[in-house]
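The listed protein sequences correspond, in order, to chains V and F.
Throughout the first sequence, residue numbering follows our numbering, covering 3 to 67 in sequence.
Throughout the second sequence, residue numbering follows our numbering, covering 960 to 1115 in sequence.
One or more of the hints may lead you astray.
[Claimed, not checked] If we take Cβ atoms under 7 Å as the criterion, some of the chain V residues that face chain F in the derived model are:
1) T8
2) E21
3) I24
4) V48
5) A52
6) G55
No lab work stands behind these hints: they were computed from the structure.
Keep in mind the model is a prediction, meaning the values are calculated, not measured.
Where a beta carbon is used, it is the ideal one built from N, C-alpha and C, also for glycine.
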Amino acid sequence: MNTVLTVAGLVDLSLLDVEDHIEVGDNYRKIATEYRLNGELVRRDVTVNALRGVMSEAREGNING
Amino acid sequence: MANSSAICTSFKAEVMLGAHQLGSVTIVSRTSLTSPTTDTLKAALYLTTGSVGASTTAYSATNEVSGTNYSAGGVTVTNATAPTTSGTTGYWTPSAAIVYTTVTLSTAFDTVLIYNSTQSNRAILTFNFGSTTVTAGTLTLNMPTNDSTHALIQLA
């Protein structure tokens, strides 16, 4: 028997409706897994995959202004 | 003003000043020249109503998330891989995912701030991943590939 820890305690996975929601941004992909018991949200896990970090580009100055 | 993804401007200057030490390196004018240490980094989460971004200079609890099993200041970042370079780009990425285990964060948040808890909580970087909540679950922030075009920090 597979159980899942939820706000309602340990619940048998077979009693839960499980849905994945996927969101894709410019530099991330996010998967939210929602567990519902009789329609009520009892657990929500989120995994964010950072696809690319943040770049800072150095600029060369002109010594003579 | 909304949260955004950015390398904090203060960090750019502080790197040049030697205020941050993400990997151990032998340098001049530090207390220990023979056994340099790596600073401890932490990751804090911010509500969508916050305004952390390029102008952030240090960790602040203002607009930080709160909820079950989340401690103010966030979690420690695993930093086992020193910054390196490829071509003209210096880059660095945490060596493991940032994980908040069995948390309930009911108010929408969208940004993580990575900061240097060893060096007066100086800000390093913010990363915006879109509005989200967590209910009695785990938030996992998987890091990008650590190379010159994907790393979490790229100084080109």
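How the hints compare with the structure:
1. T8: At about 6 Å, which falls below the 7 Å cut-off, the nearest Cβ of chain F leaves the hint on T8 of chain V intact, so it holds.
2. E21: Hint on E21 of chain V: violated, closest Cβ of chain F at ~13 Å, above 7 Å.
3. I24: Since the shortest Cβ distance to chain F is 11 Å, the answer is violated.
4. V48: holds (5 Å)
5. A52: holds (5 Å)
6. G55: Result: holds, 4 Å to nearest chain F Cβ.
Against the hints set out earlier in the document, violations occur for numbers 2, 3.
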